[in-house]
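Chemist: Take these sequences, add in the hints, and give me the full structure.
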Amino acid sequence: MPKLKCWAVVEYERDIYLPPKLRRACLQGEVYDHPSDRHEDGKRVCTSPIMITDLKSGLKDRCIQTHNNTYHLEGDPDPEWIEFLQNKDLLDEWKDLL
Numbered sequence: 001m002p003k004l005k006c007w008a009v010v011e012y013e014r015d016i017y018l019p020p021k022l023r024r025a026c027l028q029g030e031v032y033d034h035p036s037d038r039h040e041d042g043k044r045v046c047t048s049p050i051m052i053t054d055l056k057s058g059l060k061d062r063c064i065q066t067h068n069n070t071y072h073l074e075g076d077p078d079p080e081w082i083e084f085l086q087n088k089d090l091l092d093e094w095k096d097l098l
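Quick note on the working numbering: the sequence shown kicks off at 1 and runs consecutively.
It is possible that part of the hints are untrue.
[As the list claims (entries may be wrong)] FRET-style restraints, in silico, Cβ to Cβ: (1) 22 / 42: 29 to 37 Å; (2) 62 / 17: 20 to 28 Å; (3) 87 / 41: 18 to 26 Å; (4) 68 / 42: 32 to 40 Å; (5) 83 / 25: 17 to 25 Å; (6) 95 / 68: 27 to 35 Å; (7) 41 / 21: 30 to 38 Å; (8) 17 / 74: 30 to 38 Å; (9) 61 / 16: 28 to 36 Å; (10) 46 / 94: 14 to 22 Å.
[Said to hold, decoys possible] In silico lysine-lysine, DSS-like type, Cα no more than 25 Å apart, as pairs: (11) 43 / 5; (12) 60 / 95; (13) 60 / 21; (14) 5 / 88; (15) 95 / 5; (16) 21 / 88; (17) 21 / 95; (18) 5 / 60; (19) 3 / 43; (20) 60 / 88; (21) 95 / 3; (22) 3 / 60.
Bear in mind the hints are in silico, worked out from the structure with no lab data behind them. Ideal placement from N, C-alpha and C gives every residue a C-beta, glycine not left out.
Modeler: This is the structure in structure tokens:
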């Protein structure tokens, strides 16, 4: 199973005409042990869209299923993502899962 380090949850699509509730999310981070030869260890990637409906429960288990793979989240999230959450007053919603 591929692993992501220094990970974050980000928008998959940047369509300004798509309402926020309809936008899909993906994971971004440094990938390790990916089955594809095109992803060397440590390469920064954006995954295919997250497929689970309850992202927070997946984060608690540290395994997230995307359209093409399941990723194991290792270590701490990306510090820039944490800073983003703090700046948007969203950190309290996520802190139990990080």
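Chemist: Confirm or reject each hint.
Modeler: Consistency of the hints with the structure:
1. 22 / 42: 29 to 37 Å: holds (33 Å)
2. 62 / 17: 20 to 28 Å: violated (34 Å)
3. 87 / 41: 18 to 26 Å: violated (31 Å)
4. 68 / 42: 32 to 40 Å: Since residue 68 and residue 42 have Cβ atoms about 20 Å apart, the given range 32 to 40 Å is violated.
5. 83 / 25: 17 to 25 Å: This hint holds: roughly 18 Å between Cβ atoms.
6. 95 / 68: 27 to 35 Å: holds (29 Å)
7. 41 / 21: 30 to 38 Å: holds (36 Å)
8. 17 / 74: 30 to 38 Å: Taking Cβ atoms as reference, residue 17 and residue 74 lie about 36 Å apart, which means the hint holds.
9. 61 / 16: 28 to 36 Å: Because 33 Å falls inside the window, the suggested range holds.
10. 46 / 94: 14 to 22 Å: holds (19 Å)
11. 43 / 5: holds (10 Å)
12. 60 / 95: holds (11 Å)
13. 60 / 21: Between residue 60 and residue 21 the Cα gap is close to 22 Å, so the pair holds against 25 Å.
14. 5 / 88: holds (23 Å)
15. 95 / 5: Given pair residue 95, residue 5 holds - Cα atoms ~18 Å apart, limit 25 Å.
16. 21 / 88: Holds - the C-alpha atoms of residue 88 and residue 21 are around 17 Å apart, at most 25 Å.
17. 21 / 95: Cα-Cα ~22 Å, so holds.
18. 5 / 60: Distance ~15 Å between residue 5 and residue 60 Cα, so the pair holds.
19. 3 / 43: OK: residue 3 and residue 43 at ~11 Å, within 25 Å.
20. 60 / 88: Judged against 25 Å, a Cα distance of about 22 Å means the pair holds.
21. 95 / 3: holds (21 Å)
22. 3 / 60: At roughly 15 Å apart (the allowed maximum being 25 Å), residue 60 and residue 3 satisfy the hint.
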